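K.L.:
Listed below, chain by chain, are the residues.
Number of protein chains: 2
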Amino acid sequence: MWCYETLHPDIKLGIKGKSLYKKKTAHQNCQISKTKDFGNVLFLDGAIQTTEADEYIYHEMLVHPLLLTHPKPENVLIVGGGDGGVLRELFKYPIKEAIMVEIDRTVIDLSKKYLPKISKGSFRDNRLGLIIDDGAKYIKETPKKFDIVIVDSPDPVGPANALFSKKFYQGVSKVLKPNGVMIRQTGSVFLQSEILKSNYRRIKKIFPQTFIQLVSIPTYIGGFFSFIIAAKKINFLKAKKSKIKKKYSKLNLKTKYYNPDIQFASLQLPNNLKELVK
Amino acid sequence: MWCYETLHPDIKLGIKGKSLYKKKTAHQNCQISKTKDFGNVLFLDGAIQTTEADEYIYHEMLVHPLLLTHPKPENVLIVGGGDGGVLRELFKYPIKEAIMVEIDRTVIDLSKKYLPKISKGSFRDNRLGLIIDDGAKYIKETPKKFDIVIVDSPDPVGPANALFSKKFYQGVSKVLKPNGVMIRQTGSVFLQSEILKSNYRRIKKIFPQTFIQLVSIPTYIGGFFSFIIAAKKINFLKAKKSKIKKKYSKLNLKTKYYNPDIQFASLQLPNNLKELVK
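Chains C and U supply the protein sequences, listed in that same order. Take any residue in the first sequence, note its place counting from 1, add 1247, and you have its number in my numbering. Take any residue in the second sequence, note its place counting from 1, add 1247, and you have its number in my numbering.
So here's chain C without its partners, still in its complex pose:
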C-alpha cells in the first residue's frame, strides 16, 4: 500500500506503508503512517511533517545554527514543534528555559506514542514550559523576552496561517531581546517559492539581519527546503566559524547531520534564489 502526500496539487510523494491512526482534531487532520523506508510518519492536513528516518536533518538545522551563533542563549520560545524534535536538540544546551506553545495537543500525544524517538523524553525535561494555545496569541500577550524564537510550524494552510503574517513577525520582534534571533521554515524553494519570497520581504522589513538557509530533506520534496533566519543584530554570514566550531566541540552535541561547515555552506544561495529575494 502507498501513502501519498497531498500538499501540492500537481506533484506528490508516495511512500510504501500503511495508515496506523487517523483523527480530525479541532485544528487539523492528523495521520500516522508506518512506512518501510522512513519509519513512522506524521501527516498534518495531508502534508508530511516529520518521519523517524529523516527528521534529524530538519530539527538539527532548525536548532544548532541559532544556538551556536547566539553568544549566550538562555530563554527559548518554540512555536509549534509538537513532535518534540526541536526540544531534543535544544536540551543539549545549558539553556535556562524553553517555552513551547503548541496549538494542538493531539500532535504531542501522537508523537509521544508513535514517534517516541523524536522527542526522546524531552517533554519531561524540567526546563520545559508547555502551553497548549495559539502561538500568535501567546506572542501578542506575553510580557516575557527571549533570546531565540523557533517557529516550527506546518505550511501556511490551516491553523499555521497566522504564523506567516506581518503582525506575527512584529510580535516575534517584540518578544526578542536586543540580541535575539528567529528561525522559521518557508517551504520548498522550487514548489513554494511564493511562501519564501513573501515571507522574506515581510521579515526583511522588520529585522535588520535576514538570511536564507537551504537544506535538502528527503521527504520534503521539491529540491532545497528553505528557512529564514532573522536577527536584530547578529550577522550569520560574518559570524566567527572558529568560535562556533569550538563551542560545537565543547558541548559534544553528537549531531548526525549538522556541523559548523554545513551551517555556513547552507547560507550560500544559487543565482536564481538571489534573484528571487532581491
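Some hints here could point you the wrong way.
No copy is singled out in the list; a pair is fine if it fits within one copy or between any two copies.
[What the hints assert, rightly or not] Restricting the straight-line Cα-Cα distance to at most 30 Å, the calculated cross-link-like pairs of lysine-lysine (DSS-like) are:
#: 1; residue 1: 1494; residue 2: 1525
#: 2; residue 1: 1503; residue 2: 1414
#: 3; residue 1: 1488; residue 2: 1263
#: 4; residue 1: 1319; residue 2: 1281
#: 5; residue 1: 1421; residue 2: 1501
#: 6; residue 1: 1364; residue 2: 1492
#: 7; residue 1: 1488; residue 2: 1521
#: 8; residue 1: 1424; residue 2: 1364
#: 9; residue 1: 1521; residue 2: 1339
#: 10; residue 1: 1283; residue 2: 1392
#: 11; residue 1: 1391; residue 2: 1451
#: 12; residue 1: 1492; residue 2: 1521
#: 13; residue 1: 1360; residue 2: 1525
#: 14; residue 1: 1367; residue 2: 1525
#: 15; residue 1: 1521; residue 2: 1364
#: 16; residue 1: 1259; residue 2: 1269
#: 17; residue 1: 1265; residue 2: 1283
Hints listed in this document are in silico derivations from the structure and should not be mistaken for laboratory results. Just so we're clear, the structure is a prediction, and the values are computed from it rather than from any experiment.
Here the structure of chain C is known, so what remains is to put chain U in place on it, guided by the hints.
P.N.:
Leaving out everything else, chain U in the frame of chain C:
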C-alpha cells in the same frame, strides 16, 4: 493523469501529466511525458532523467565546477549526456573539442524533438564529435587524452551498469591527461547510499583527489543528490575561489543556479555522510 517514477521500490514521485511518446530501444525503455510543473520530462527505464524545469541545476553543477577549476580545459569527453544539457553549458567555454559517446541514439533524437531547450542547438556546434557507442568500450580503445571526463549516465541499472565499475574508472584515468578531472553522478545520498559508497571507494583507490559534491534537484527525490569529482592532481577544496570567481565573471556564463560560492558550499558534507565514506 499522473506520471510516476518507478526507480525506487518503496518510494515514488508522481507528477501530473501525460505520456507523449514511448519506445523500447535495444538499450532501454524511453518515455517522454508532458507535465504541468516540470514541462516535458524524459524517463529511461522508469527513472526521471531530465525535465525542462529543473535540468539546469544538474547540468550546471556537472559542468562548471570542473571547467572553472581546471586551469586550461581544452579536450572534454562526455559519456552519455544524450539530452545535450552538458553540451550547452560546455560550449560556453573556449574549449577545442568535446567528444560525446552516447550509447542510445534514440535519447538524442527524442531530446532534440521534445526537449529542444536543453541542448539549445549544441549538437550543431562544430567542436562536437558525436559517437554512438558504448562509452566503456570507447574509453578502453581510444588513444585520445582528455582534460575532463564527464560521466552523465543513468543509475547503474540497465545499459549504464558498466560505467560504474573499477575497470571503467581505470579506463577514465588512462584517458585523462596528468592534470585531468572526472565527474559522475552517484544518486541520492539517502535512497541510494550504496551506489555512492561503493563508487567512492572504487574511485578513491584510483584517483589521488576524490570529492563528493551535493546538490538538491527537485525531481531527483531522496534529499541530496551526489556527484563524485575525481582528479589526478587538483584539490577542489583548496582551489583558489578568487581565481574561479574571476574566470566566472570574465566568461559571462549566465548560469541560473551555479556560482563559485555554491561550488565550494556543495563540497561540505554532513556528519553522517563523512561517516559513510570514511
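K.L.:
Take the hints in turn and mark each one as holding or not.
P.N.:
Each hint tested on the structure:
Taking CA atoms no more than 30 Å apart as the test, residue 1494 paired with residue 1525 passes between copies only; the shortest distance there is 24 Å, against 33 Å inside one copy. Taking the closest pair of Cα atoms, residue 1503 and residue 1414 never come within 30 Å of each other, the shortest separation being 36 Å inside a single copy and 34 Å across copies. In this assembly of identical chains, the alpha carbons of residue 1488 and residue 1263 never lie at most 30 Å apart, being 41 Å within a copy and 44 Å across copies at closest. Proximity of residue 1319 to residue 1281 under the C-alpha cut-off of 30 Å is found in neither arrangement, the shortest distances being 40 Å within a copy and 53 Å between copies.
Proximity of residue 1421 to residue 1501 under the C-alpha cut-off of 30 Å is found in neither arrangement, the shortest distances being 33 Å within a copy and 42 Å between copies. In this assembly of identical chains, residue 1364 and residue 1492 lie within 30 Å of each other by CA distance solely inside one copy; the values are 27 Å within and 45 Å between copies. For a Cα distance limit of 30 Å, the shortest separation of residue 1488 from residue 1521 qualifies both inside one copy, at 23 Å, and across copies, at 19 Å. For the homomeric pair residue 1424 and residue 1364, neither the shortest alpha-carbon distance inside one copy (32 Å) nor that between copies (51 Å) is at most 30 Å.
Within a single copy, residue 1521 and residue 1339 get their C-alpha atoms only as close as 34 Å, which misses the 30 Å cut-off; across copies the closest is 22 Å, which meets it. Proximity of residue 1283 to residue 1392 under the C-alpha cut-off of 30 Å is found in neither arrangement, the shortest distances being 43 Å within a copy and 46 Å between copies. In this homomeric assembly, residue 1391 and residue 1451 come within 30 Å of each other (Cα to Cα) only inside a single copy, at 23 Å, whereas the closest approach across copies is 55 Å. Within a single copy, residue 1492 and residue 1521 get their C-alpha atoms as close as 27 Å, and across copies as close as 17 Å, so both meet the 30 Å cut-off.
For the identical chains of this complex, residue 1360 and residue 1525 are neighbours neither inside a copy (44 Å) nor across copies (36 Å), given an alpha-carbon limit of 30 Å. Taking the closest pair of Cα atoms, residue 1367 and residue 1525 come within 30 Å of each other only across two copies (28 Å); inside a single copy the shortest separation is 41 Å, beyond that limit. Taking identical chains as interchangeable, the C-alpha atoms of residue 1521 and residue 1364 lie at most 30 Å apart only when they sit on different chains, with a minimum of 23 Å there against 37 Å within one chain. Taking the closest pair of Cα atoms, residue 1259 and residue 1269 come within 30 Å of each other both inside a single copy (20 Å) and across two copies (23 Å).
For the homomeric pair residue 1265 and residue 1283, the shortest alpha-carbon distances inside one copy (9 Å) and between copies (29 Å) are both at most 30 Å.
Hints 2, 3, 4, 5, 8, 10 and 13 from the earlier list are contradicted by this structure; the remaining hints agree with it.
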